[in-house]
Amino acid sequence: MDVSAIGAAAGSRTGPGALGPGSLEVRSLSVRFGGLVALDDVSLEVPAGEIVGIIGPNGAGKTSLFNVVSGFLRPQAGEILYGGRRINGVRPHELNSLGIARTLQGLGLWRGLTVLENVMVGARRAKRPGFASALLGFSRSDRYEAVLTGLARDQLRLLGIERFADRYPGVLPYGVQKWVSLARALVSRPALLLLDEPASGLTATEIKELADLLRSLRAQMSIALVEHRLDLIMNVCERVHVLDFGRVIASGPPERVQKDKAVTDAYLGEELTPTVVEGEADARG
Amino acid sequence: MLGVGFLLVAALVVWAIDPFDPFLVYQLSSVCYFAIGAAGLTVLTGLNGQLSLGHGALMGIGAYTTAVVLKAHTDLNPALVMGTATLVTAVASIIVGAAAARLRGPYLAGATLGLAVGLPGVAVRFSNIFGGDAGTSIPALVPPDALSSIAPEVWLTWIGLIPTVITFVLLANLVRTRYGRDFRAIREDEVASALNGIRVARTQVLAFVLSGACAGLAGSLLGYTSNLAAPGSFPLTLSLLLLAAVVIGGLGTLPGAVWGALVVVFVPSWISSLNDTVHLPSAVRDQLPLALFGAVFVVAMLAFPHGIQGGVVRLWQFRASRRRPGAQEQAADL
Ligand SMILES: Nc1ncnc2c1ncn2[C@@H]1O[C@H](COP(=O)(O)OP(=O)(O)OP(=O)(O)O)[C@@H](O)[C@H]1O
Ligand SMILES: [Mg+2]
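Protein sequence lines, in the order shown, are assigned to chains A and B. For reference, each letter of the first sequence is one residue, going 0 to 284 in numbering that gives the first Met the number 0. For reference, each letter of the second sequence is one residue, going 0 to 333 in numbering that gives the first Met the number 0.
None of these hints come from the bench; they were simulated from the model. Bear in mind that the values here come from a model prediction, so they are computed numbers and not experimental data.
Computed footprint of chain A on chain B, listed as stretches where at least three residues anywhere in the stretch have a Cβ under 8 Å from a Cβ of chain A:
no.	segment
1	173-184
2	195-207
Over 10 Å on every C-beta distance to chain B, these chain A residues come out as not near it, computed from the model:
no.	residue
3	PHE32
4	GLY77
5	ARG156
6	LEU158
7	THR204
8	ASP211
9	PRO253
Note that CB positions come from ideal geometry on N, CA and C, so glycine has one too.
Given only the sequences and the hints, what does the whole structure look like? Please build it.
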């Protein structure tokens, strides 16, 4: 079964446009940890086929937002829509077959699995042989393994890291490890990709390569990009949402957001007042 | 690698089986059930990262099932008896595994420790079924009439090899598929596992049930070997010995389970026979084997931090790298 087809099916209920296949929209999300407000009435969207940046100072709630979307956190209020369909209460392990992939802040690779095995786990498919088949070593199980190996190798080749297939991630340069975590997310051919600081720890050249890669993916999926490296954001994003203390303080095209007073204040850690920059009106249209 | 392990064990058996040495044959049967139990535990602890101090007790369930089944049907085919013991223990493991999947680290160790300490008490409590402290006897396996020249102990060893080989073949199949990868992925990072579509809790229960089934089979064979299922046969030290076998053999490797089984069966008896040849005050002599076994264990772990199998793999790679520069830098699981 083709996972991207599920995203497409989910989207087809509301038709194409902003809520098309693979799009993400959150409405009035609130998440509290005891007294701490991690997300406060957050609404934003990642339209189908766009790259949307989510920026903000440390502790602003960016990772928490991803945690809500991927089912690790239950929001106290609000809605999550994927391809126009409400997915509140989704469990993390269901994302893969829904066509949502997420990379983790840092690496999140399995260090005891080879690069190839890491990517093979990402390449799950709905129709897979059962436990008995694997236990008894049936050829169905072998064929499935061969298919996974092929998918994983193709993905590694696409990212130019096939030569590391049989190595363990821990011994590889950090940049290569980042690429492996991207390969693991991409191999499932997601309709929506959530990237949590993919550029952290990368060299300037690697960030340029990453920008090229992300732009080349735009045709196939929507991307939510959490990133501190503003150069990458400026380079690839159609639109940016700025979070601070769990609130969206600005939204719009990157050039405009960058000049926004509230945003510069937030990055200097000053008092803030939520403002909306001009771009937002058309963004929602 | 696995094949090499099998050949070594098979060669050892063929070379060592001496029908006139009942003790050696008894030891080889012990190697079989330790190897089965350790294979299951290495999948759980080594591959899936769940520590169990309760597998000795699960072996007890296998042995008691064997005793109870044989009490009702004395002549039941041993394959059926062992199958029943495996199944019953697997079912019991679903409950334990479901609880274990919610626990981590020291809490999991504590809970399974409780199992090891508490379960023998159940056998004592329901003494009308399980025979109380004295236990329940298990009739010896006797060879069929056509092979009556074979001593029952030797027969048992040959019979014991069958479930051992089956267990290792099945587990080896399993761990090289997605199940093996999922087990290891969960051990390394549960969040990343869930995000990649693995049902973490369910897979952890599966690993527990799988290793529980192995413990049940091992316990059944232990019952046949000692002709008894008694609370005293499944002390906490049995669980610890299983764990020692897994660690010393090489955590998470199936050949390591065979090495570990050989070590925990043969090393203590070599030490005690050595001990008998020197003349020491009895107070020293009685404690020495245990102390020496501990010392051997510590030294072995220092020499082979990845267990015996880790050492074997390293040696293998060293030879390979001399022929082919740039060989792999790390020992793989299996
Ligand atoms: N599980 C949790 N329990 C309690 N507090 C949490 C939890 N997760 C996050 N927080 C808090 O919520 C706030 C938002 O954290 P979050 O990780 O979402 O920030 P972030 O924007 O991703 O920051 P960074 O740029 O440093 O990654 C922080 O104050 C953090 O300490
Ligand atoms: Mg974060």
